[in-house]
Amino acid sequence: MVKKYKLENAVLASPTSLFLLAILGFPVILSLTYGFSETSFETLRSPEFSGLQNFRDVTADKTFWQAAWFSLRFGTITAVLECALGLALAVYLAPLIQKHSWVVAILIIPMIVAPAMMGLMYRLILNEFAGPIPYYLYSWIGSSPAFLSPKNVFTTVILAETLQWTPFAFLLFLTAYQSIPQEIREAATVDGTRPWRLFWKIEFPLMLPTLFVAVFIRFIDGFRVFDNIYTLVGSGPGGSTTSMSIYIFETFLRRGEIGKSMAAAILLFVSAFVVLSVAQWLLRRASR
Amino acid sequence: MKRRIGPRWIVFIIAAFVMNFPVIATFATAFKGPREVNLNPSLWIEAPTLENFATVLTISDRLNVYDYLWNSLVAALIGAILPMIVAFPLAWPMVRRGYGRSILFPAIVNLRALPLIIFAIPIYLMYATVGLLDTRLGLGLILAIVNLPLTLMLLVNAIADLPLELEEAARMDGARTGRLLLRVVLPLCRPALITTFVFGFITAWNEFLFGLMLTTSDAVPMTVGASFFFATSGGGVQWGVAAAVMVIAALPPLLLGLIMYRRITGSMVAGAVKG
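Chain order of the listed sequences is D and R.
In terms of numbering that gives the first Met the number 0, the first sequence opens at residue 0 and continues consecutively.
In terms of numbering that gives the first Met the number 0, the second sequence opens at residue 0 and continues consecutively.
Read the hints as simulated data drawn from the structure, not as lab findings.
Wrong hints could be hidden among the right ones.
Derived DMTMM-like pairs (lysine to aspartate or glutamate); straight-line CA-CA distance at most 25 Å [stated by the list, open to error]:
| hint | chain 1 | residue 1 | chain 2 | residue 2 |
| --- | --- | --- | --- | --- |
| 1 | D | 61 | D | 249 |
| 2 | D | 150 | D | 127 |
| 3 | D | 5 | R | 172 |
| 4 | D | 5 | R | 167 |
| 5 | D | 5 | R | 160 |
| 6 | D | 61 | D | 256 |
| 7 | D | 5 | R | 164 |
| 8 | D | 150 | D | 37 |
| 9 | D | 5 | R | 166 |
| 10 | D | 98 | D | 182 |
| 11 | D | 200 | D | 185 |
| 12 | D | 200 | D | 190 |
| 13 | D | 98 | D | 185 |
| 14 | D | 61 | D | 202 |
| 15 | D | 150 | D | 256 |
As the structure is a prediction and not an experimental result, all values here were calculated from the model.
Could you build all of it, start to finish, from the sequences and the hints given here?
Okay, here's the thing in structure tokens:
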């Protein structure tokens, strides 16, 4: 009986397994081959084994470390901002949403818009001739910062990302907040607990697991950012908005350094794997 | 416990306005005529016109919106449906027999958290070899990989919520596994399948990186095509036209998402919490 199931399970799993193998299996072998070889678009079919040379090239590349540092800062800052804003919005608006749930639909619109499209929209609204933001800033305070200048571009992309993805954090916190049993709040209120104290002493600790999950997901998404930055400013003035993803993309398509970009992708994969494993181990331990 | 609602409305309106500002401004710009765009950057439209949309929808050889829309539609349909077909038979033994719960399930689910660029380059090289570069099928296949993790999770959740009794009754009638899955489990999963489809379609439609890397002319999706309107050579960007393109590109997922927002929000949260 057990053996029969074993075969049947394998059959049932085969579509997924074959699909993954076909689309990802071969590329994995390919990337390992190229990662350790001397390759360009001209010598695609005859990669020459070069050991760790590509990895040495990557780690010696200042731009690689700048990209890593950019992604790390970008992921951290946006994750913290989004979660702080999302949490505040969720808790404050929860009574309103209880009565009018359509409010949520309006707040999640930014998430349904493609990040690439959002980047393009920012190009429009920040444009000094056609954009409403410089227009209103000029007419109200008489000046408008150069949003995409080397000095300001980092803040600009941070704000754009934060405003698009705060709704995600908001949604997670809203669900967590709504699932706190009403009796707990009532009991606390009967005991004379004030709202502020109720939040910090009771509700917030109950939402801590959600906070970890939200920060983690938003960090991962921020770290791997590509679409919106790429469509808004590309790699930015002087490469100042080169995220890890943009670095690998440009090394590959613009410069055709296949081996080097593969090596960078492998390094990125390994670090993502380590971070994921550690985070999930921590989450499991915390939930125990 | 009485709480005042009034100030909450104000906070909601401000938050909604700020977060949706790019979308609102783009919609406003799309309805301004070519003269007004340069004279009046405010949100107020002096003389609303559909001129920009007419310009966009008039076929031109170089920037053909119909092609972009068709490419996006085909690729997004493949990207949304294929993972459902392959994941459904796997989700059932995962729930009922604990099959693959220790390795296969976490491995697939974690795919979601990896930077897509890691796959993009080797897939580019593989596609170049097998001739899938710049094809709707090629783009659809990789979008299916992107959607696979969440699809599997949502189907696993859905099957876990089904009552066992129905399956047991079907077994008593002598149904084999294949029949049981197709005749009993699949119809019961319909609500989850719809949610999964909508979510997968929106994700696939909105994808940009693979569209950018894997297509050049024949299979360019709408997200990438829209960016072409910003890269016009000489004379600068025609903002009204560009805004109209963005409206057209953003509308399908926006409408789907707003109609189905309850299901969408539910699956977003489910995907986050179980991951």
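Verification of the supplied hints:
1. D/61 x D/249: holds (14 Å)
2. D/150 x D/127: Holds, because 17 Å separates the two Cα atoms, which is no more than 25 Å.
3. D/5 x R/172: holds (23 Å)
4. D/5 x R/167: holds (20 Å)
5. D/5 x R/160: holds (24 Å)
6. D/61 x D/256: holds (16 Å)
7. D/5 x R/164: Within the cut-off at roughly 23 Å; holds.
8. D/150 x D/37: The hint is violated at about 38 Å.
9. D/5 x R/166: holds (19 Å)
10. D/98 x D/182: holds (19 Å)
11. D/200 x D/185: holds (14 Å)
12. D/200 x D/190: holds (13 Å)
13. D/98 x D/185: The hint holds at about 19 Å.
14. D/61 x D/202: violated (46 Å)
15. D/150 x D/256: The hint is violated at about 30 Å.
Hints 8, 14, 15 from the earlier list are contradicted by this structure; the remaining hints agree with it.
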